[in-house]
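Those sequence lines, one after another, are chains B and H.
At position 24 of the first sequence the residue is numbered 24 (the numbering used here), and the sequence of numbers has no breaks.
Just so we're on the same page, the numbering used here is the position in the second sequence counted from 1, plus 1000.
Please keep in mind that the hints were generated in silico from the structure rather than gathered at the bench.
Treat the hints with care, since some could be wrong.
[Unchecked claim] Covered stretches of chain B (in silico footprint by chain H; criterion: 3 or more residues with CB under 8 Å from a CB of chain H, positions within the stretch not fixed):
no., segment
1, 8-17
2, 23-30
3, 33-41
4, 75-84
5, 88-96
6, 99-112
[To be verified] Subject to a maximum C-alpha distance of 25 Å in a straight line, what follows is the list of computed SDA-like cross-link-like pairs (lysine to any residue):
no., chain 1, residue 1, chain 2, residue 2
7, B, Lys-111, B, Leu-66
8, B, Lys-85, H, Leu-1352
9, H, Lys-1334, B, Ile-72
By construction, the Cβ of each residue, glycine as well, lies at the ideal position given by its N, Cα and C atoms.
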Amino acid sequence: MLDIYLPILVVMGIAFAFAIGSVILSRLIGVKKPSAVKLAPYECGMPLIGTAQERFSVKFYIIAMLFILFDIEAVFLYPWAVMFKRLGIFGFVEMGVFIIILLVGFIYVWKKGALEWE
Amino acid sequence: MVMTPEVLTLSETPWLFSGVMLVKIAVAFVVTLLIVAYATYAERKTIGRMQTRMGPNMTGPKGLLQPIADGVKLFFKEDIIPAQSHWFAFILAPMMILAPAFIAISVIPFGGDLQFTYDGTLYAVPMQITDLNIGVLFIVAMAALGVYGIVLGGLASNSKYALLGGIRSTAQMVSYELAVGLSIVAIFMLSETLSMRGIVAAQQLPLWGLESVSFIPNWYIFCQPLAFVLFVVGSMAEINRTPFDLPEAETELVSGFCTEYSAMKYALFFMAEYANMITVSAVATTLFLGGWGGPFYGWINFLIKVFAFMFFFIWIRATFPRLRYDQLMYLGWKIMLPLALVNIVITGIAILLW
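Produce the entire structure from the sequences given, and follow the hints as far as they go.
And the structure:
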């Protein structure tokens, strides 16, 4: 077990060390001349209007929920796909029912217009 | 005398195991960094030529030192953290996007076994940092983690462009992640394993098990052309390459989620994009083009295929205009997702009838 996962831990450590190290190094050797205008958020040179912490379209929220739904489906499909040849016709029917149930929901969402962006 | 090669284990040969592991990681890391650096050069040069320009040609012979000059320049730039930003999340975001991009490389098999003798014993070392039995799942997971970096970058900047870019990008990436994730399910039905190495091994047999066409390898691109197209298109969208580079649409969002970033933090976003491009090319090579199999020596085949994919991505960027956002969502949800599901069902029926 450790034989397989130890290298991933080491790579993880090196990747984060590389990222943190380069950010710190660039902070140390970079120029530092901050001014109030420079530290303001970019808005095409105009004076700031309001804050960026505003409400955004509810569509993104629907997409996020749909994603969770279908990603769980995908995760269920992975082990099923690996075992598919051994499960045979039983596995096919079983997963077919599962996919059809989700598909009904997908068609409902589609017909309701949740995937329209006009 | 023929010896069967031993496999290195942590319990029996801890020092040798650790040494080999560190060498493999060092080589993979340095090669990845080099490819990342010179992918930027290749991209600028290729697109320059395609648009009848020269591309970079001043820094060093033929402009070959351009990536290094760019890197050094970004190191010395001022590191700006906007006054209204959430500084911790702002700094964390580029790291959260770069680290998964590099970690995903650790399960990609570059070549066959390397054999060496140490202390009178023959050892076989796979040219892969680690052979995870859930390798593909691990890569999908790392690709999903990269989304956090973009969300954090967009929210923490406290800038309207960054916010819009971040949210758009998130919606795009999760939508196409589904299509990509579902398109490769058909591969696992054929290979019966999630290990990257196992999938490559399954592709070395003759095509469809027929001896009469044994000169064609059993690469999954031949049995799963639809899955291949879905995977490549979906991956392009997931790594935000043109024609799906909506998050960075310069004409409307300045630079998307990385508008407020400067110096090395910006460079990390940039590197992550190219590292993701390498990962996607390598995964496509492994899943659909038989990994390191081919006419030359192991890892050379692998690199040729990866570079071919990267050239293809650059070529696409020079050819196609950017999609509109509603077209993008239409393609992802209403075309690619149903097609991926249909492909799974067709593959299932075909396997049952075969």
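Against which earlier hints does the structure fall short, listed by number upward? Those not satisfied: there are none.
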